[in-house]
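*Asks:* The hints should help you fit chain H with the ligands onto chain U, whose structure is shown.
Listed here are the chains, written in short residue letters.
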Amino acid sequence: MASSIQETPVSRRLKNVKHIIIVCSGKGGVGKSSVSTQLALSLRGSSPTNKVGILDIDLTGPSIPRMLGLDGHPVHQSSDGWVPVYADGEERRLCCMSVGFLLKKKEDSVVWRGPKKNGMIRQFLSDVRWGDLDYLVIDTPPGTSDEHLSLLEHLAPVHSKLSAVIVTTPQAVALLDAMKCLSFTRATNLPVLGLIENMSGYVCPCCGEVSNVFSTGGGEEMAKREGLKFLGSLPVDTELVTLLDAAEGDHSSNAGVDESTKGFGLWERYQKTPTAPLFSKIVEKIEVPLRAES
Amino acid sequence: MIAVQQASAPPDPLSVPTNAPEHCPGTESDLAGKADACAGCPNQEVCASGKAKGPDPALPFVTERMASVKRKILILSGKGGVGKSTFTAQLGWAFAADDDLQTGIMDVDICGPSIPTIFGIASEQVHSSSSGWSPVYVQDNLGVMSVGFMLPSSKDAVMWRGPKKNGLISQFLKDVDWGTLDYLLVDTPPGTSDEHLSIVSYLKESGIDGAVVITTPQEVALQDVRREIDFCRKVGIKVIGLVENMSGFVCPNCKNETQIFKPSTGGGRRLAEDMGVEFLGAVPLDPRIGKSADYGISFLDEYPDSPATTAYLDIIEKIKYQLGD
Ligand SMILES: Nc1ncnc2c1ncn2[C@@H]1O[C@H](COP(=O)(O)OP(=O)(O)OP(=O)(O)O)[C@@H](O)[C@H]1O
Ligand SMILES: Nc1ncnc2c1ncn2[C@@H]1O[C@H](COP(=O)(O)OP(=O)(O)OP(=O)(O)O)[C@@H](O)[C@H]1O
Ligand code: SF4
Ligand SMILES: [Mg+2]
Ligand SMILES: [Mg+2]
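Just so you know, the sequences run in chain order U and H.
Each residue of the first sequence is one higher than the last, beginning at 1 in my numbering.
Each residue of the second sequence is one higher than the last, beginning at 1 in my numbering.
Okay, chain U solo, but in the shape it has when bound (with noise of 0.2 Å):
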């Protein structure tokens, strides 16, 4: 790895980003898309000026577009490279870039091999117009491969700004997986803000019995063994669940002032859903160490 002081293309384009916040599980579908889209929304939220980036370097699986609503749009170059994509609309708060957005169609598969990926991180971190941002969250896919590496590999110079968030949900396959990914940023010497256990329960919309779908507290429990910070569990939330699937409708809020005036629709509903109150518990933890940092 480079070391720290080296300055090299990323570190330039970063230079005004505060904090980099990796958000990673080792396992799959636990939610670290989910995670990190309700993340930037409420980081977005919590102060009337935060400015907020979303990079998604799930390159074979991109959720990201899908999940702000941004599905089917183009990038933009300027001679200043890449222009990421407004999520927000006119107030240009949050702004977002994946691979998806490259694609032509939305069933082409993305069948790379190591050195074109880390060659596409790359180019994310460094020829995309990111300006200034006071968080940048960054979602990544499930295990500890090329992506993961690469993305450190590139960071090294801007590794005082970077903390992760592990995502796990509470089964003992998730769990072992987690550990893998909480040694993998103990090896990668990279400061971990806490765990969040996802989908730990399940309120029956009926009669509202809560089952535990996917079992419950593991993610707690080994938050305590390892000396991590628990930062909460989230329930299953199916409005949540139905909010990120189809989150359309947002593309003509992007074009309109009208509707910028009246705010951001998917925060709007986002706020509606039984999870939004609980995940803003979560980004306080996140955030009060952070600030104490800058």
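In case anyone wonders, no lab produced these hints; they're calculated from the structure.
One should not assume that every hint holds.
[To be verified] Ranges between beta-carbon positions, derived for each pair:
1. U/R92 with H/T258: 33 to 41 Å
2. U/H76 with H/S131: 19 to 27 Å
3. H/D30 with U/E7: 32 to 40 Å
4. H/H127 with U/G131: 34 to 42 Å
5. H/S68 with U/G131: 55 to 63 Å
6. U/V210 with H/P57: 40 to 48 Å
7. U/V210 with H/D305: 22 to 30 Å
8. H/P304 with U/C206: 25 to 33 Å
9. U/G81 with H/P304: 29 to 37 Å
[Unchecked claim] Here are some, though not all, of the chain H residues that point toward chain U, as calculated from beta-carbon distances under 8 Å:
10. Q125
11. R161
12. G241
[As the list claims (entries may be wrong)] Stretches of chain U that chain H covers, calculated by requiring three or more beta carbons in the stretch to come under 8 Å of a beta carbon on chain H:
13. 145–154
14. 213–224
The C-beta atom is built at its ideal place from N, Cα and C for all residues, glycine as well.
*Replies:* Same frame as chain U, but now just chain H with the ligands:
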């Protein structure tokens, strides 16, 4: 006896990765060993000599080993956490219920191997003998191979780049003493990455009988599954069919069914129609499936009367039918 190419000890997955440099043109490229990037690469000599060019030297060994494997089936999904490993295990258990069938399970999810846990054999180790590495046997007719058996501790992260994963997969195919198998089931990681490319290229010559693609009902999963089916088409793998997992949850208290992962765009059934693949069936979300996986016991044996078991067995029948078995 089958010759083992470099009958070596299982590699230590924690050793420093042998990275080809970022701009490696690929060992099969005309530039192999000669590109600017090759300067300083440990493989430069081999690459420049052209020995690495053309088919992978492991290929004939793989083909020889695979000659005694009747059916090779991949379990795939672009999306993570949809239940690939769980489904692979059910398929394995169901096949192995027939005493006359020999089944092997190969876990090529190198960074997140779940198969050892799901079969309750996570503490096992791989042993090597003159005929290769022995799979770990769940029962006489069900052998398993996974990187999980090679790690000093389950906590260890396998921080490998593509070439190293590729190397291990080739070893799983050529150095594992699978014996004579009726079915080899390959559990894959999510996505369309090195693991997938490797398994497909190594098995090209031996022939892959097909892939079972798993999804969950919501669009965020389906969009990745579309890409996976596109991948199968690109590399010429037959899609046996699509399984929708976690589709609907019956509350144990009020018995009402709710959709946790709502099929906002028509779910697996619609996707199968749109993409012209067989819809094999839907498995409900049942917390006992997750629990069985965590405890390493067979859900099918433990809960033979559950709707999920019926769904699994029905799907497995359809898979056999599709294969002509
Ligand atoms: N708390 C929750 N309740 C219900 N569903 C959830 C919750 N969190 C995430 N989901 C849903 O679960 C699915 C998987 O989540 P997500 O895509 O965020 O996982 P991931 O870890 O990014 O997956 P991958 O490994 O494939 O990248 C999505 O459809 C998402 O909407
Ligand atoms: N039908 C089901 N009902 C309830 N839980 C299930 C069901 N199918 C799978 N699970 C559970 O969901 C989790 C994810 O399943 P599994 O590990 O098989 O997914 P995967 O696709 O192999 O994930 P990865 O992408 O990480 O390899 C596991 O805890 C598993 O036990
Ligand atoms: S020497 Fe071979 S492996 Fe190394 S960079 Fe060149 S082609 Fe790639
Ligand atoms: Mg994701
Ligand atoms: Mg798996």
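*Asks:* So the hint says 33 to 41 Å: do the beta-carbon atoms of U/R92 and H/T258 match that?
*Replies:* At roughly 39 Å between Cβ atoms, H/T258 and U/R92 fall inside 33 to 41 Å, so the hint holds.
*Asks:* Taking beta carbons only, do three or more residues of the stretch 213–224 of chain U come closer than 8 Å to chain H?
*Replies:* Check passed, 3 qualifying residues.
*Asks:* For the pair H/P304 and U/C206, does the Cβ-Cβ distance stay inside 25 to 33 Å?
*Replies:* Given about 28 Å between the Cβ atoms, the range holds.
*Asks:* Regarding H/S68 and U/G131, is the given constraint of 55 to 63 Å on their beta-carbon distance met?
*Replies:* With Cβ atoms ~60 Å apart, the hint holds.
*Asks:* Do three or more residues from the stretch 145–154 of chain U put their C-beta atoms closer than 8 Å to C-beta atoms of chain H?
*Replies:* holds (count 4)
*Asks:* Is it true that U/V210 and H/P57 lie within 40 to 48 Å of each other by Cβ?
*Replies:* At roughly 57 Å between Cβ atoms, H/P57 and U/V210 fall outside 40 to 48 Å, so the hint is violated.
*Asks:* For U/V210 and H/D305, compare the CB-CB distance with the range 22 to 30 Å and indicate the outcome.
*Replies:* Once the Cβ atoms are compared, 25 Å apart, the range 22 to 30 Å for H/D305 and U/V210 holds.
*Asks:* Take a look at whether the Cβ-Cβ distance between U/G81 and H/P304 falls inside 29 to 37 Å.
*Replies:* Given range 29 to 37 Å: violated, Cβ gap about 60 Å.
*Asks:* Starting from the hint 32 to 40 Å, judge whether the C-beta atoms of H/D30 and U/E7 obey it.
*Replies:* This hint holds: roughly 35 Å between Cβ atoms.
*Asks:* Close enough to count: is the Cβ of H/G241 nearer than 8 Å to one in chain U?
*Replies:* This interface hint is violated because 17 Å lies over the 8 Å limit.
*Asks:* Can you tell me whether the CB distance of U/H76 to H/S131 sits inside 19 to 27 Å?
*Replies:* violated, 59 Å
*Asks:* Min Cβ distance, H/Q125 to chain U: is it shorter than 8 Å?
*Replies:* violated, 17 Å
The structure fails to meet hints 2, 4, 6, 9, 10 and 12 from the earlier list, while all remaining hints are met.
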